[in-house]
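Asks: The primary structure of each chain is shown beneath.
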Amino acid sequence: DQQVKQNSPSLSVQEGRISILNCDYTNSMFDYFLWYKKYPAEGPTFLISISSIKDKNEDGRFTVFLNKSAKHLSLHIVPSQPGDSAVYFCAVSAGGTSYGKLTFGQGTILTVHP
Amino acid sequence: DAGVTQSPTHLIKTRGQHVTLRCSPISGHKSVSWYQQVLGQGPQFIFQYYEKEERGRGNFPDRFSARQFPNYSSELNVNALLLGDSALYLCASSDGTANQPQHFGDGTRLSIL
Numbered sequence: 007d008q009q010v011k012q013n014s015p016s017l018s019v020q021e022g023r024i025s026i027l028n029c030d031y032t033n034s035m036f037d038y039f040l041w042y043k044k045y046p047a048e049g050p051t052f053l054i055s056i057s058s059i060k061d062k063n064e065d066g067r068f069t070v071f072l073n074k075s076a077k078h079l080s081l082h083i084v085p086s087q088p089g090d091s092a093v094y095f096c097a098v099s100a101g102g103t104s105y106g107k108l109t110f111g112q113g114t115i116l117t118v119h120p
Numbered sequence: 002d003a004g005v006t007q008s009p010t011h012l013i014k015t016r017g018q019h020v021t022l023r024c025s026p027i028s029g030h031k032s033v034s035w036y037q038q039v040l041g042q043g044p045q046f047i048f049q050y051y052e053k054e055e056r057g058r059g060n061f062p063d064r065f066s067a068r069q070f071p072n073y074s075s076e077l078n079v080n081a082l083l084l085g086d087s088a089l090y091l092c093a094s095s096d097g098t099a100n101q102p103q104h105f106g107d108g109t110r111l112s113i114l
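Chains A and B supply the protein sequences, listed in that same order. With my numbering applied, the first sequence corresponds to residues 7 to 120, in that order. With my numbering applied, the second sequence corresponds to residues 2 to 114, in that order.
The following block holds chain A by itself, in its conformation from the complex:
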């Protein structure tokens, strides 16, 4: 039973436009949420995170939104650049001694066209 789902396997966006990547989770015990970017032949690179006490966190072109009632997480990239083309994973963790365990979604392939 998948606890974290990224329902869009791929997303194609024009350079300069907004990219919106979505993620849904099932367990209300999750309280820390992250986005990672992965290029081929490299490990995941941390992008941005948000704790459950917030509903929005920004870092430059990247903004993460958290809707706890809907158990939904999204990543906005504005403006999108060709170098953003990669696989994006959302990841979640629970509190207590489980914080070291990340549960990942299946990933969304983002392609940004020049």
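One should not assume that every hint holds.
[To be verified] Derived pair list, reagent style DSS-like, types lysine-lysine, alpha-carbon separation capped at 27 Å: (1) B:K31 <-> A:K44; (2) A:K44 <-> B:K14; (3) B:K31 <-> A:K43.
[Said to hold, decoys possible] One-sided excerpt, in silico: chain A residues whose CB lies under 10 Å from chain B: (4) N13; (5) G66; (6) T69; (7) S99; (8) G101; (9) K107; (10) L108; (11) Q112.
Hints in this document: simulated from the structure, not taken from any laboratory. If you're wondering where the values come from, they're calculated on a predicted model, not measured in any experiment. Think of the CB as a built atom: it goes at the ideal place given N, C-alpha and C, for glycine as much as any other residue.
Given chain A, put chain B in place with the hints provided.
Replies: Then chain B, alone, in the frame of chain A:
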């Protein structure tokens, strides 16, 4: 500063053999976690170690084991390799406190023939 380093980069083994994968965390990080990623899926949690003690274990068979050394580096051992163990094995480190991101190495690509 150096990031998380993993060795070897690639490894080819045959069924039934065992393998040891190594990970050096970011300097100052005391927590190391191991993940397995198969093609088309997100990474799956295998183990977490903090201060040389196992803090968490994922849904993997006992053929998988790990340890952490006094310098916080870590090894992942897999015995009796199966074809299905072919995957990218990722190591991640963090400072060990809650709500801090894990930072990943580039992984070890393990192929079982």
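Asks: Now tell me, hint by hint, if it's right for this structure.
Replies: Status of the hints after comparison with the structure:
| no. | hint | in the structure |
| --- | --- | --- |
| 1 | B:K31 <-> A:K44 | 24 Å, holds |
| 2 | A:K44 <-> B:K14 | 26 Å, holds |
| 3 | B:K31 <-> A:K43 | 24 Å, holds |
| 4 | N13 | 13 Å, violated |
| 5 | G66 | 16 Å, violated |
| 6 | T69 | 16 Å, violated |
| 7 | S99 | 8 Å, holds |
| 8 | G101 | 6 Å, holds |
| 9 | K107 | 5 Å, holds |
| 10 | L108 | 6 Å, holds |
| 11 | Q112 | 5 Å, holds |
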